[in-house]
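There are 2 protein chains.
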Amino acid sequence: MSTDAGAYGDPETRTRILAVTWELVADRGSSLKLSEVAERAGVSRQAVYLHFGDRSGLLLALVHHMDESLDLGESLAHVQAAPNGAELLERAMRLNTDFWNAIQPVAQVLEAAQHDDEALGAAWRDRMELRQMAFGMMIQRVADLRQLAAEWTVEDASALLYAVAHFDTWRELTGQLDWTDDHYVEAMTRLLRRSLLAA
Amino acid sequence: MSTDAGAYGDPETRTRILAVTWELVADRGSSLKLSEVAERAGVSRQAVYLHFGDRSGLLLALVHHMDESLDLGESLAHVQAAPNGAELLERAMRLNTDFWNAIQPVAQVLEAAQHDDEALGAAWRDRMELRQMAFGMMIQRVADLRQLAAEWTVEDASALLYAVAHFDTWRELTGQLDWTDDHYVEAMTRLLRRSLLAA
DNA sequence: TCGATGATTTACACTGTGTAAAGCAAGCTA
DNA sequence: TAGCTTGCTTTACACAGTGTAAATCATCGA
Numbered sequence: 001m002s003t004d005a006g007a008y009g010d011p012e013t014r015t016r017i018l019a020v021t022w023e024l025v026a027d028r029g030s031s032l033k034l035s036e037v038a039e040r041a042g043v044s045r046q047a048v049y050l051h052f053g054d055r056s057g058l059l060l061a062l063v064h065h066m067d068e069s070l071d072l073g074e075s076l077a078h079v080q081a082a083p084n085g086a087e088l089l090e091r092a093m094r095l096n097t098d099f100w101n102a103i104q105p106v107a108q109v110l111e112a113a114q115h116d117d118e119a120l121g122a123a124w125r126d127r128m129e130l131r132q133m134a135f136g137m138m139i140q141r142v143a144d145l146r147q148l149a150a151e152w153t154v155e156d157a158s159a160l161l162y163a164v165a166h167f168d169t170w171r172e173l174t175g176q177l178d179w180t181d182d183h184y185v186e187a188m189t190r191l192l193r194r195s196l197l198a199a
Numbered sequence: 001m002s003t004d005a006g007a008y009g010d011p012e013t014r015t016r017i018l019a020v021t022w023e024l025v026a027d028r029g030s031s032l033k034l035s036e037v038a039e040r041a042g043v044s045r046q047a048v049y050l051h052f053g054d055r056s057g058l059l060l061a062l063v064h065h066m067d068e069s070l071d072l073g074e075s076l077a078h079v080q081a082a083p084n085g086a087e088l089l090e091r092a093m094r095l096n097t098d099f100w101n102a103i104q105p106v107a108q109v110l111e112a113a114q115h116d117d118e119a120l121g122a123a124w125r126d127r128m129e130l131r132q133m134a135f136g137m138m139i140q141r142v143a144d145l146r147q148l149a150a151e152w153t154v155e156d157a158s159a160l161l162y163a164v165a166h167f168d169t170w171r172e173l174t175g176q177l178d179w180t181d182d183h184y185v186e187a188m189t190r191l192l193r194r195s196l197l198a199a
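If you're matching them up, the sequences are chains A and B in order.
Heads up, the first sequence is in our numbering, so the first residue is 1 and it goes up one at a time.
Heads up, the second sequence is in our numbering, so the first residue is 1 and it goes up one at a time.
No lab work stands behind these hints: they were computed from the structure.
Some clues are possibly wrong.
Copies of one chain are not kept apart here, so a pair can be met inside one copy or by any two copies together.
Unchecked claim - The list that follows gives simulated cross-link-like pairs (lysine to aspartate or glutamate, EDC-like), each with its CA atoms no further than 20 Å apart: (1) K33 <-> D71; (2) K33 <-> D117; (3) K33 <-> D98; (4) K33 <-> E23.
Computed from a predicted model, the values in this text were never measured in an experiment.
Please model the entire structure based on the sequences and the hints provided.
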């Protein structure tokens with residue numbers, strides 16, 4: 001960590017640096033060099049340091065930047081508005097695959113840096129806790145609809161849903177095994193529906 | 001990559017370096033320094049380079065070293081010998097949690113390095129393919145027992161089982177949410193049993 | 001015209017990786 | 001016992017990438 005976000009400099013320059021960083025993270029991964037960022041953004045390397053303090057400050061700002069452009073509220077509401085458990089689970093998995101698709105490169109870098117960089121680790125865990133809460137609310141909704149199978153507590157079902165929808169699982173299926181988004185949604189929904197919902 | 005494994009030097013020294021590397025990976029993660037490895041092993045930094053070529057050669061050797069000490073054949077046979085699908089899934093999840101427990105620190109480092117380091121990435125993917133095959137054989141066994149639910153193909157069920165049993169999911173549940181191994185085995189087994197097995 | 005701001009240029013310190021070369025101790029072999 | 005090989009040490013250095021510092025410059029508003 002270092003300078004507080006947004007404190008210094010021309011907002012446009014700042015945004016431009018972040019945009020370039022996003023691009024570079026997307027294809028170079030965590031091995032991006034600050035000199036490269038600066039070059040592609042058309043500023044000096046030192047400008048980057050002035051804006052973001054250090055490497056991890058830059059990545060951190062990128063995470064915040066993405067948060068804003070994502071705006072999950074609406075999508076979550078749509079999931080919660082599902083008329084029944086099965087539909088809710090399907091919408092949840094659809095949102096999940098869209099989410100991971102959107103942030104994939106950053107997720108990769110953050111998962112990797114999580115244990116080496118305290119600030120980045122905290123930022124990542126923070127967002128994951130939001131995810132947990134979101135999935136918790138979904139399961140609560142299923143329970144309210146009286147469709148959660150008797151075998152499950154809300155806590156266990158929430159945690160499991162959260163964990164099973166996590167990045168690795170999604171990446172192995174869609175990235176490594178070449179499943180399409182639809183295939184992912186369909187299979188995951190089937191898995192969860194049979195398990196979590198009352199017959 | 002660099003020198004071929006096992007080509008150079010005193011095997012005892014080699015083993016000692018690997019043992020120390022394992023320790024360091026376990027508590028420093030991927031931020032281990034070769035100088036630290038050398039110091040703790042009681043050899044010069046250059047000895048490490050002579051034995052393993054470079055950083056990624058050392059990590060690679062560590063992976064091979066662990067393979068030997070793990071010997072999964074017997075455990076896999078025990079899973080396959082389960083009398084029915086439910087028991088098989090439980091044994092699979094038990095083995096899974098034991099496996100991740102055993103290699104957790106290395107898994108962390110390799111998952112992180114996977115996309116930055118070609119050699120390490122290949123080594124990791126190689127092992128993950130073995131996992132895939134193992135889970136594939138398990139599902140095939142369930143199918144042979146006529147206990148795979150009609151909704152599932154062997155391929156889809158295998159892939160999903162593999163993906164759902166992956167590292168992230170396990171780590172989130174046991175590491176972040178503080179589930180015990182037993183809790184993990186129980187909940188995952190319940191999830192999979194209800195989904196994959198015929199009623 | 002003054003002064004603040006945003007950024008540039010240049011320079012340098014530091015860390016960690018990787019390479020190169022000379023030397024040294026022990027053991028085998030002729 | 002001389003000579004060679006092997007395994008390692010010591011020293012030295014090149015290089016990349018991060019991070020810091022200071023002087024300078026251009027622009028813009030008061």
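Checked hints:
1. K33 <-> D71: neither (29 Å within a copy, 40 Å between copies)
2. K33 <-> D117: both (16 Å within a copy, 16 Å between copies)
3. K33 <-> D98: neither (28 Å within a copy, 38 Å between copies)
4. K33 <-> E23: within (12 Å within a copy, 30 Å between copies)
The structure does not agree with the numbered hints 1, 3 stated previously, though it agrees with the rest.
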